[in-house]
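Engineer: Using the hints, position chain B against chain A.
Protein chains in written order, with the UniProt record's numbering: chain A, 1 to 152; chain B, 1 to 285.
Hints were generated in silico from the structure; no laboratory data involved.
One or more hints might be untrue.
Said to hold, decoys possible - Cross-link-like lysine to aspartate or glutamate pairs, in silico, EDC-like; alpha carbons within 16 Å at most:
1. A:Lys-83 x B:Glu-40
2. B:Lys-211 x B:Glu-132
3. A:Lys-27 x A:Asp-37
4. A:Lys-43 x A:Glu-55
5. B:Lys-98 x B:Glu-40
6. A:Lys-27 x B:Asp-47
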Amino acid sequence: MATMSSPLRVCRGILKELRVMQGPSYKESLAYSYVMDQFRKNKVTGERYCRAQQEAHHDSHTYLCLLESTRNHLYLHNLYHSKGERSQEEAAGLVGLRLPTQPGGVADEHIRERERESCFLQKKHEDDREDKQHTEGVEKRRGDPAEATCLA
Amino acid sequence: MLRSSTLIGWACGNASWEYVVCPRGQHFGSAFKYSTATAERKKFYQDVSISQGEGGVYEINLDRRKLKTPGGKLFAVPNEALAIAVATEWDAQRDTLKFYTMHMTTLCNTALDNPTDRDKDQMISAALKYLETDTVCYRVDEPYGLVELQKNEWDPALHWIENRYNVTIGASSSILGPEIPEATKETFRQHLNSYNFWSLTGLEFVITQLKSVVLAMAMIDRHLNVEQAVLLSRLEEEYQIRQWGNVEWAHDYDMYELRARTAAGTLFVHLSSESSTVKRKLMQD
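If we strip away everything but chain A, and leave its shape as in the complex, we get (with noise of 0.2 Å):
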């Protein structure tokens, strides 16, 4: 089941991950200068079974494994699980809404129509009835806005 099991396979793998975590200067670091001593150190060995190289070569192993599952991890935590909750203008626009606050907004909509509402009735008013009763009326609309809209 273990696929990378020579040392070699396993100092290149834990190397690439420093690469990929620190960038170019990676060779400056502490973590590369200690593994390499310790590649370097296990290497040569007298013994036909060398249980201190046995040791080191597994904690190499682990040590890659983790490197390697750690940005795996991160990477897909980034991918499906950091974007949090949508905001209201995102979540307004899913079907094509505005929010009542933004320009083009439905409260917008409402004071450009009393607007042109307004323009209408001062229109009429001026050529039907006195000034007077043209103020009473702008005033009356003002306060009513709904009986604005009916008259529109």
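Structural biologist: Just chain B now, kept in the frame of chain A:
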């Protein structure tokens, strides 16, 4: 020392924990706290380095300041390799600090602070509790494919540990699980007692993650590597994945997280329990 009432989360992956950084040489008094309950912490340092303190312990320096544990103690590890691993974790952070990726740091913090005030015996008992409900011993009766898989994959590990420690642990498919004889528990208790407190912290962490004493011991004794142990621990999930398909944002995510934590725990145990010396042998001509 100032103490705020924010949440302090310890090992096993809680993301919210606070740590205190103080100017070099000062441990008490003017330490200022960063509470991290929900807000993200920005990376506030440029360089990470290690230095040797009194008593041969190694400390981590973030930009001239010494790192401290969430409990306020100075962060000191007994050997250089562990210090370098922790320093690499801190160095790997970009922009914001993601504590859930810093497994070695979390383990060291737990070992140093011991927030639940446990002693060795309590930890050993807690670890051995997992033996009664060990993953490797719990077998199913159906589906047949899973039964076969469990027999082929878990039996070798079980036999290995029975030989290695001269104990009897059966596999059972009943709901109560296997009957573990007292002698087995005693053997493991004595074996675990031979580890020091730091190694026990790591070992208990690994056992909790893998949900199995057998797999954890096999890995600590270097019989299995991390990927194999994680695969065996998730055997039923892997079986279901093979049948129904893999969901990256759940299965792979969990697998990588489990691998990272288990690898961190194992490395922690190995680094805390061994000490190495270099002996030069002269070449004989």
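Engineer: Indicate, hint by hint, whether the structure satisfies it.
Structural biologist: Evaluation of the provided hints:
no.: 1; hint: A:Lys-83 x B:Glu-40; in the structure: holds (14 Å)
no.: 2; hint: B:Lys-211 x B:Glu-132; in the structure: holds (11 Å)
no.: 3; hint: A:Lys-27 x A:Asp-37; in the structure: holds (12 Å)
no.: 4; hint: A:Lys-43 x A:Glu-55; in the structure: holds (12 Å)
no.: 5; hint: B:Lys-98 x B:Glu-40; in the structure: holds (8 Å)
no.: 6; hint: A:Lys-27 x B:Asp-47; in the structure: holds (15 Å)
Violated hints for the displayed structure: none, as all numbered hints are satisfied.
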